[in-house]
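Q: One-letter residues, chain by chain:
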Amino acid sequence: MSPLAQLLEAALFSAARPLTAEELATLEPDATLADVRAAVDQLREHYDFNQHGVELVELAGGFQVLTRPVHAAAIERAQFSVRTPKLTAAALETLAIIAYRQPVGRAEIEEIRGVSAGGVLRALQERGLIEVVGRSELLGRPLLYGTAASFLELLGLKDLSDLPRADELTIALQPHRPEQQGTDDAAAYVPAES
Amino acid sequence: MSPLAQLLEAALFSAARPLTAEELATLEPDATLADVRAAVDQLREHYDFNQHGVELVELAGGFQVLTRPVHAAAIERAQFSVRTPKLTAAALETLAIIAYRQPVGRAEIEEIRGVSAGGVLRALQERGLIEVVGRSELLGRPLLYGTAASFLELLGLKDLSDLPRADELTIALQPHRPEQQGTDDAAAYVPAES
Amino acid sequence: MSSPDAPIAAAEALTTALGAGAAFVVELDAFAGPLDLLLHLLREEQIEIADIPIARVADQFLHAIQHLGLNQAADYLDMASRLVRLKAQMLLPRRTDDEGWEDPRAELVRRLLEYQQIREVAIWLGRAAEKRSEQLARGYLPPPPALPPPPLVLDLLELLQAVERVIAGIPSPVLHRVVARPLDVESATARIELLLLEREEIGWLEALGPRPSIVDLLSTLLALLELAKRGLLRVSQPAPFAPMVIARESVSTAA
Chain W
0 MSPLAQLLEA ALFSAARPLT AEELATLEPD ATLADVRAAV DQLREHYDFN
50 QHGVELVELA GGFQVLTRPV HAAAIERAQF SVRTPKLTAA ALETLAIIAY
100 RQPVGRAEIE EIRGVSAGGV LRALQERGLI EVVGRSELLG RPLLYGTAAS
150 FLELLGLKDL SDLPRADELT IALQPHRPEQ QGTDDAAAYV PAES
Chain B
0 MSPLAQLLEA ALFSAARPLT AEELATLEPD ATLADVRAAV DQLREHYDFN
50 QHGVELVELA GGFQVLTRPV HAAAIERAQF SVRTPKLTAA ALETLAIIAY
100 RQPVGRAEIE EIRGVSAGGV LRALQERGLI EVVGRSELLG RPLLYGTAAS
150 FLELLGLKDL SDLPRADELT IALQPHRPEQ QGTDDAAAYV PAES
Chain Z
0 MSSPDAPIAA AEALTTALGA GAAFVVELDA FAGPLDLLLH LLREEQIEIA
50 DIPIARVADQ FLHAIQHLGL NQAADYLDMA SRLVRLKAQM LLPRRTDDEG
100 WEDPRAELVR RLLEYQQIRE VAIWLGRAAE KRSEQLARGY LPPPPALPPP
150 PLVLDLLELL QAVERVIAGI PSPVLHRVVA RPLDVESATA RIELLLLERE
200 EIGWLEALGP RPSIVDLLST LLALLELAKR GLLRVSQPAP FAPMVIARES
250 VSTAA
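Protein chains in written order, with numbering that gives the first Met the number 0: chain W, 0 to 193; chain B, 0 to 193; chain Z, 0 to 254.
Errors might be hidden in some of the hints.
[Said to hold, decoys possible] Ranges of calculated distance between the beta carbons of each label pair, as one might list FRET restraints:
1) B/S115 - W/T31: 43 to 49 Å
2) W/A122 - Z/H62: 28 to 34 Å
3) Z/V83 - W/E167: 36 to 42 Å
4) B/P68 - Z/E129: 33 to 39 Å
5) W/A122 - Z/A241: 53 to 59 Å
Everything labelled a hint here was simulated from the structure, so no lab data went into it. Even for Gly, the Cβ is constructed at its ideal location relative to N, Cα and C.
Please construct the entire structure, taking both the sequences and the accompanying hints into account.
A: This is the structure in structure tokens:
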């Protein structure tokens with residue numbers, strides 16, 4: 000492995016989250032982004048070619064070293080590590096609404112799900128999956144939520160465009176009703192239109 | 000690498016502590032201690048021979064995969080463990096309320112912002128921007144928060160009286176619903192006869 | 000997305016056989032909300048969302064929430080009342096050639112379709128999270144570097160902007176005129192005691208004194224209640240809506 004690939008490997012091992020190419024580039028002042036990408040590729044290929052128990056994964060806009068799925072069951076049985084707890088149906092539905100409609104307020108989430116959302120929103124915020132991204136112009140200036148960095152990490156997605164698109168869903172996305180949203184630019188967040 | 004070495008690598012990678020040979024043997028029911036030791040040796044040699052950025056270290060009676068010391072300085076300089084040196088909107092708003100209303104309790108902050116403040120208060124405390132300055136006389140004797148020394152340092156202020164528009168903003172940040180104030184001094188809020 | 004049937008199968012794994020037999024054995028949190036329950040009922044009956052037989056579905060919904068013990072939950076009751084209202088609307092007669100007729104079910108259908116779609120995405124997200132959880136991240140993390148963390152970026156302008164946001168976000172900034180004028184129960188007590196020294200019995204208006212303010216009124220009421228509790232006077236009302244009569248209670252006889 001090249002010296003840069005070695006350094007990147009050490010950095011990826013000591014980070015708790017995915018590191019972007021830009022962050023990795025700060026490790027070595029003389030390295031360009033292209034150098035970093037080449038070293039990342041070398042590392043990935045080395046892990047694959049030598050059949051390592053770990054692999055280099057691209058997610059949440061960065062790179063992370065993770066164990067290969069095939070070993071999860073044995074490690075869990077031996078209780079050396081535990082999986083992240085599963086999200087409840089309510090949490091997943093709320094995340095789904097926020098992911099597709101962000102920025103979105105609590106009232107709209109409650110309207111779509113037909114139940115109050117306060118507890119779920121708080122829990123998602125505490126897990127770092129969503130965050131307040133602003134305030135609506137509507138009466139009372141309610142808070143607007145969007146997905147946070149950990150959302151992509153938890154789901155193993157590279158970016159939001161990895162989410163299923165409208166035409167891949169069996170039910171087409173409903174067009175936004177302006178009276179629900181209040182702001183015109185909200186329509187720009189419907190993935191269907193993109 | 001042998002299938003056992005791959006499994007051991009994944010386990011050592013995901014465990015938060017050194018694992019002994021006996022513990023590693025529980026991963027694979029068919030593996031003897033000798034098999035485990037051989038696989039550990041294979042993994043160590045692979046890391047050394049291919050000049051990986053990590054190495055297999057024997058410590059505390061067990062084995063652990065650690066980054067090589069030679070990379071420590073570069074990783075420390077890059078400081079990947081610190082995610083972002085900027086405050087979120089929620090943290091800034093909470094900090095603003097505390098700055099202008101101190102000493103102030105959590106209930107009052109939550110009343111002004113309309114959302115729960117627990118997580119944000121903890122984060123601001125961890126960053127050393129706010130501190131507990133006392134307890135209220137109200138029921139339950141809730142903690143009162145104020146800004147800490149590093150708050151003034153960050154803003155380059157000599158003392159709190161240097162905060163701009165202090166008189167105006169302190170008044171503007173009063174919660175507007177007197178009936179939700181602490182019950183003890185409710186008598187002071189009897190509306191004027193009109 | 001995988002096959003379109005998959006979300007439905009997964010949803011059914013969430014719930015148990017509802018309506019299959021006489022007895023329901025359902026976990027309370029088996030349903031994520033009233034729309035979830037409604038969708039479940041429609042699937043059970045293999046009903047098209049676009050053409051819901053409201054009368055039947057409304058009855059089943061009411062039946063279901065009663066059996067599930069959900070008839071106390073506001074969200075479910077809200078849906079129940081909507082369904083009952085729709086049922087009534089559907090019973091209204093209409094002419095067959097009435098082109099202006101708007102299907103009262105349209106809003107419910109829209110909401111159900113929208114919710115069903117969110118459910119589908121939620122199931123997709125759940126699978127993605129499940130798949131990701133098969134891969135474990137580094138367990139051991141080296142202690143954070145001894146170097147001081149990079150300086151936090153914060154400036155006064157940002158702080159003031161945050162203040163403006165907070166102020167703008169405070170709902171209906173109604174300014175109350177706050178008058179520091181606490182209740183004066185002591186004076187009211189003294190006034191009543193004085194009156195009762197002179198006379199055996201006084202009226203409520205006399206106890207209030209001339210031109211009472213709302214503070215006087217509240218103070219007098221509290222004083223009366225306190226004195227009555229201490230057994231110093233008796234408050235009675237001779238007839239409904241008649242003025243209160245305050246009578247001296249002889250302490251000496253009680254003692």
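Q: List in ascending order the numbers of the hints, as given earlier, that are violated by the structure.
A: No hint contradicted; all consistent.
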